[in-house]
Amino acid sequence: MKSAGVTSYYRFLRHSFGVATDGGWLFYAWMLVLTAIALVGANAWAVQVRDGMIRTNMTDHVSWGLYIANFTFCVGLAAGGVMMVIPAYLYRDHDMHEVVIVGEELAIAAIIMSTLSVVVDLGRPDRFWHLIPGIGKFNWPMSMLTWDIIVLNGYLLINLHVVGYLLYTRFRGAEPNPKWYVPFVLLSIVWAISIHTVTAFLYCGLGGRPFWNTALLAPRFLASAFVSGPAFILLVLRVVRVGTDLPMNPGPARLLVQIIRVAAVVNLLMLVSELFTLFYAGGAHLASARYLFFGDHGKNGLVPWIWSAIALNLVGTGLFFTPAALERGWTRVVACGMVIVGIWIEKGMGLIIPGFIPSTLHEVVEYAPSLTEWKVTAGIWAFGLLLLTAMLKVCVAVFTNQMSANAEPPPDARTA
Amino acid sequence: MSERKKLSLPVLGEVDRRTAVKAGAATLGLAAWAAAIRPWFEWTAELNADEVLQKHYRELTPEQLQVILNKLTDEARKQSGKPAVVKDHKPIPGVSFAYALNLSICIGCRKCAEACHVENNHDRPSHQSYIRVFEMQKGGIDFEKGNATYDHPVPAKDKYYMPVQCQQCENPPCVKACPIEATWQESDGIVVVDYNWCIGCRYCEAACPYHARRFNWEKPQIPANEINPNQSYLSNRVRPQGVMEKCTFCLHRTREGKLPACLEACPTGARVFGNVLDPDSEIRWVLENKRVFVLKEELGTKPRFYYFFDK
Numbered sequence: 001m002k003s004a005g006v007t008s009y010y011r012f013l014r015h016s017f018g019v020a021t022d023g024g025w026l027f028y029a030w031m032l033v034l035t036a037i038a039l040v041g042a043n044a045w046a047v048q049v050r051d052g053m054i055r056t057n058m059t060d061h062v063s064w065g066l067y068i069a070n071f072t073f074c075v076g077l078a079a080g081g082v083m084m085v086i087p088a089y090l091y092r093d094h095d096m097h098e099v100v101i102v103g104e105e106l107a108i109a110a111i112i113m114s115t116l117s118v119v120v121d122l123g124r125p126d127r128f129w130h131l132i133p134g135i136g137k138f139n140w141p142m143s144m145l146t147w148d149i150i151v152l153n154g155y156l157l158i159n160l161h162v163v164g165y166l167l168y169t170r171f172r173g174a175e176p177n178p179k180w181y182v183p184f185v186l187l188s189i190v191w192a193i194s195i196h197t198v199t200a201f202l203y204c205g206l207g208g209r210p211f212w213n214t215a216l217l218a219p220r221f222l223a224s225a226f227v228s229g230p231a232f233i234l235l236v237l238r239v240v241r242v243g244t245d246l247p248m249n250p251g252p253a254r255l256l257v258q259i260i261r262v263a264a265v266v267n268l269l270m271l272v273s274e275l276f277t278l279f280y281a282g283g284a285h286l287a288s289a290r291y292l293f294f295g296d297h298g299k300n301g302l303v304p305w306i307w308s309a310i311a312l313n314l315v316g317t318g319l320f321f322t323p324a325a326l327e328r329g330w331t332r333v334v335a336c337g338m339v340i341v342g343i344w345i346e347k348g349m350g351l352i353i354p355g356f357i358p359s360t361l362h363e364v365v366e367y368a369p370s371l372t373e374w375k376v377t378a379g380i381w382a383f384g385l386l387l388l389t390a391m392l393k394v395c396v397a398v399f400t401n402q403m404s405a406n407a408e409p410p411p412d413a414r415t416a
Numbered sequence: 001m002s003e004r005k006k007l008s009l010p011v012l013g014e015v016d017r018r019t020a021v022k023a024g025a026a027t028l029g030l031a032a033w034a035a036a037i038r039p040w041f042e043w044t045a046e047l048n049a050d051e052v053l054q055k056h057y058r059e060l061t062p063e064q065l066q067v068i069l070n071k072l073t074d075e076a077r078k079q080s081g082k083p084a085v086v087k088d089h090k091p092i093p094g095v096s097f098a099y100a101l102n103l104s105i106c107i108g109c110r111k112c113a114e115a116c117h118v119e120n121n122h123d124r125p126s127h128q129s130y131i132r133v134f135e136m137q138k139g140g141i142d143f144e145k146g147n148a149t150y151d152h153p154v155p156a157k158d159k160y161y162m163p164v165q166c167q168q169c170e171n172p173p174c175v176k177a178c179p180i181e182a183t184w185q186e187s188d189g190i191v192v193v194d195y196n197w198c199i200g201c202r203y204c205e206a207a208c209p210y211h212a213r214r215f216n217w218e219k220p221q222i223p224a225n226e227i228n229p230n231q232s233y234l235s236n237r238v239r240p241q242g243v244m245e246k247c248t249f250c251l252h253r254t255r256e257g258k259l260p261a262c263l264e265a266c267p268t269g270a271r272v273f274g275n276v277l278d279p280d281s282e283i284r285w286v287l288e289n290k291r292v293f294v295l296k297e298e299l300g301t302k303p304r305f306y307y308f309f310d311k
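Chains V and E, in that order, give the protein sequences.
Residue numbers for the first sequence follow my numbering, so the first one is 1 and each next one is one higher.
Residue numbers for the second sequence follow my numbering, so the first one is 1 and each next one is one higher.
Simulated from the structure, these hints should not be mistaken for lab results.
Hints are not guaranteed to be accurate.
Chain E stretches covered by chain V per the calculated footprint, using a threshold of three residues with CB under 8 Å from any CB of chain V [as the list claims (entries may be wrong)]:
#1 20 to 32
#2 110 to 117
#3 131 to 145
#4 170 to 181
#5 186 to 199
#6 295 to 301
Just so you know, even glycine gets a beta-carbon here, dropped at the ideal spot from N, CA and C.
Given the sequences, and given the hints that come with them, work out the whole structure.
Rendered as structure tokens:
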């Protein structure tokens, strides 16, 4: 009996691999481009490990840069997937239930991207094992970074389990047993909140960095994640609808737009509240915000970034409030693109970098990412999208019954 | 489907052709990955297994530590061409170090920063030092009006000078932040880093309110004849690439009863260092008789680095 299960699981993996590497010309071109970018990133990272972090533009003044900025955004992306899970499981939205797995797959890819963003930021990746509890020396519960490692890996495992279980049972033609996944789905809701909260605590727990040291940081992170996550899912759903045979109701996308409307307004409201507190009260807390928005001592490297982010977020939010955003069409796509880019800047170049400028002793040393940093970050995104595409291919094949334990011939012989 | 059939090679069937193309692509892909990450292996070739698998400093047995010290000594001799030695200086029981700096007589000459640079085997091209001297505007202690990159004769009119280095906090935010206990506070109050354990995440650097920590962005470059041969595992040995470092109150000197290099270099006598548990020490006299203050007291870090004005 057990060996039958093993054989069947092995067949599932083999079929998955076949499906994930099989498709039309557009698919191959897409995967080839992503692989090429990932290769460029891997090479840039290898050179950075060999030559040292001097290859980046980070300094002792701005000691975190694009990598940690991208990390923060990707954690939000992973957490945002929960906005499909909540309606599907807590409100029993049937249509959402059909496509909720897309959100969970995005969470997996996003968590892997955020983990990679931290790994490439390490000066000594060869000592990575020092972080493994039991073998290394895990400074838990003192260090917030150890909490982050726990919640991120936990979230990855939960989602891998849920996605893997659902796909595998569908593949076998069996009905999934709620006992084996519903508790994990419910756990994943709480866990999704925790990953972005703990990531905010990484920064706001530092008393020496007034710009981050605000209790509003975690709520702001969550609000922006509930914009960027669903916006990214909307784009993914569109690609799946246009590019595959998976039947898709318009309901889930509309619900996601409604969620974005609320979250985007809450996000902007909190931004206003933050800015009022900073600028009206003034004092030491203001220094970073002043540099970020208006420049300081003639230095204004972040000013174009933050105003772009504000413009993108405002216009994107405005577009989401138009009736056209509820329909399938370009308004919605453009709105999604704008808030995704806007929040990527806001959480990264607009939040991580100004935490270091001016420095704790008020020196203004500017930072702009180096070519190496851009290459590595692009590589991480390409790798994440590669994973996401492969997972979506398997998901679509299973849900359209093209990939099934009972169906013959094997996927290799089938053309997409 | 028919389109594809026509394209297939005569010797291979449809299935075989696709499989062959896939296998070819996979081989090419793997070769490309191997080529892309080759610089990584150029770097790991320089590492040896003992180094990679070394345990945390505080978990080493005396024998294991001795083996490592011998190896580091060999390396230091090769690097410097001098009879260098890397020792392990343990904290002395009953000693708690503190530092005080008289802002009334500091003239901002940066001799302390220079002495630190030389003593602690700092990277030469970046002029690294654990000390940054700020030229401050009289009338307040406002770093926003300070300047650490001044380039004119000192002391300048209406200015005073404030050297800042690791405050060796009693409640150090950097130690709290480190995810792997690569940095900790020793019984004499000095916060140290195990350079062979640090993974270089720089969370401690973000956590420090005094800009006291430094990262080795590349392998430190020092001409052989300039290397200080008197080295210690937790302080001034030449650091590896990609790890954090910081001021250790020159523990390789002070734990031998000597004074820190920055103090010896000071031409005005602005610096006072010693054991606060010794009632007859000069530092004790300063703390008891001068109106001392600490930087950013409101953060609750409890520095053991004090400042005072004389007049």
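Hint-by-hint comparison with the structure:
With 3 residues having a Cβ less than 8 Å from any Cβ of chain V, the segment 20 to 32 of chain E passes the three-residue criterion, so the hint holds. Given a C-beta distance limit of less than 8 Å, the hint that chain V covers the segment 110 to 117 of chain E is violated, as 0 residues qualify and 3 are needed. Only residues whose C-beta sits within less than 8 Å of a C-beta in chain V count toward coverage, and the segment 131 to 145 of chain E has 4 of them, enough to reach three; the restraint holds. By the rule of at least three residues with a Cβ nearer than 8 Å to a Cβ of chain V, the coverage given for the segment 170 to 181 of chain E holds, with 7 such residues.
By the rule of at least three residues with a Cβ nearer than 8 Å to a Cβ of chain V, the coverage given for the segment 186 to 199 of chain E holds, with 3 such residues. Beta-carbon proximity to chain V at under 8 Å applies to 4 residues in the segment 295 to 301 of chain E; the threshold of 3 is reached and the given coverage holds.
Hint 2 from the earlier list is the only one contradicted by this structure; the remaining hints agree with it.
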